[in-house]
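K.L.:
Read off the chains here:
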Amino acid sequence: MQEKITFDKINVGDELVPREFILSEDLIQQYEKIIGTNLFYSKDSPFGYRIAPPSIATAFLVHSFYATYPQLERVSGRLHAKQEFEFIRPLRSGQKFVTTGRVVDKYIKRGKKYICYELIYKDIDGNELIKAKYYEMLTE
Amino acid sequence: MNYQLSRIKKGDFLPSVSKTVTQHDINAYGFLMEGGKRTNLIHYNRKTAEEWGFKDTVAHGTIGLGLMSEVMTMFLGRGWVEGGKISVKFIKPVFCNDTIIVKGMVSELGRDREASRIWVDMWCENQYGDKVIVGSASGTI
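Which chain is which? The protein sequence lines are A and B, in order.
Mapping of the first sequence onto the working numbering: residues 1 to 140, in sequence order.
Mapping of the second sequence onto the working numbering: residues 1 to 141, in sequence order.
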């Protein structure tokens, strides 16, 4: 039987399961339907090709964490507490990239349990694209 | 991009955008973020949201962050997409059919690692004027 994952069993330093993605044009367009479109990201962008709104990175924030702790994913009531991003290079339509990361903090504040993990998005050549720090209030 | 970045000064306000977040938006965003799994039901099921103490389904906080990022693209263009940084706290829930209004103000201009950088204080308010997201962002110019 799979061991129950709880806040106590998450360790600072735990490495997260890497996840690989391909950023499809369809996904970019679905995201733009929610937050709006901007011709800046079109194929006429300053980069000479179609890029994604940088905040599309949020669509890939949780996969590595919940691949590592699948039981936590099934619990409702979780709340996103804080978020940090550094956009190093833009994601381009059709690009393959990988997210890797590790747990960097866990704490209890006003009786609520929080975890924090860092996530790095890299292209297939290992170039850093985005760095993220995700803080979530857990429920168990 | 119409902003004359050379004329920006501390205290200048950023462009503002607003969006009313519908359940359709929440469902669509959740599909992108959770791969269609719908595991955190406070976003999709009103009864579950109420059981957790919320008055309605809760929008993902990062929808607001996405709008804040769009303001920064409007403001800085390439200097946001390539070199932008943002840090936000989600301080109050955004409920289904709430309106998010993004606001921001230039807080500092300076240099960072051989590039000129501009720092802004940013926040989102709901239709009642309550702050729901607070934070800061910066980009190169």
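Treat the hints with care, as some may be off.
[Unchecked claim] With a cut-off of at most 25 Å between alpha-carbon atoms, the simulated DSS-like pairs for lysine-lysine come out as follows:
id, chain 1, residue 1, chain 2, residue 2
1, B, 131, A, 113
2, A, 113, B, 55
3, A, 131, B, 89
4, A, 113, B, 9
5, B, 47, A, 113
6, B, 89, A, 113
7, B, 37, A, 133
8, A, 122, A, 133
9, A, 133, B, 131
10, A, 113, A, 96
11, B, 37, A, 109
12, B, 85, A, 96
Simulated from the structure, these hints should not be mistaken for laboratory data.
K.L.:
The structure should be examined with respect to each hint, and the outcome stated for every one.
P.N.:
Checked hints:
| no. | hint | verdict |
| --- | --- | --- |
| 1 | B:131 <-> A:113 | 23 Å, holds |
| 2 | A:113 <-> B:55 | 22 Å, holds |
| 3 | A:131 <-> B:89 | 17 Å, holds |
| 4 | A:113 <-> B:9 | 41 Å, violated |
| 5 | B:47 <-> A:113 | 24 Å, holds |
| 6 | B:89 <-> A:113 | 16 Å, holds |
| 7 | B:37 <-> A:133 | 23 Å, holds |
| 8 | A:122 <-> A:133 | 15 Å, holds |
| 9 | A:133 <-> B:131 | 22 Å, holds |
| 10 | A:113 <-> A:96 | 34 Å, violated |
| 11 | B:37 <-> A:109 | 29 Å, violated |
| 12 | B:85 <-> A:96 | 22 Å, holds |
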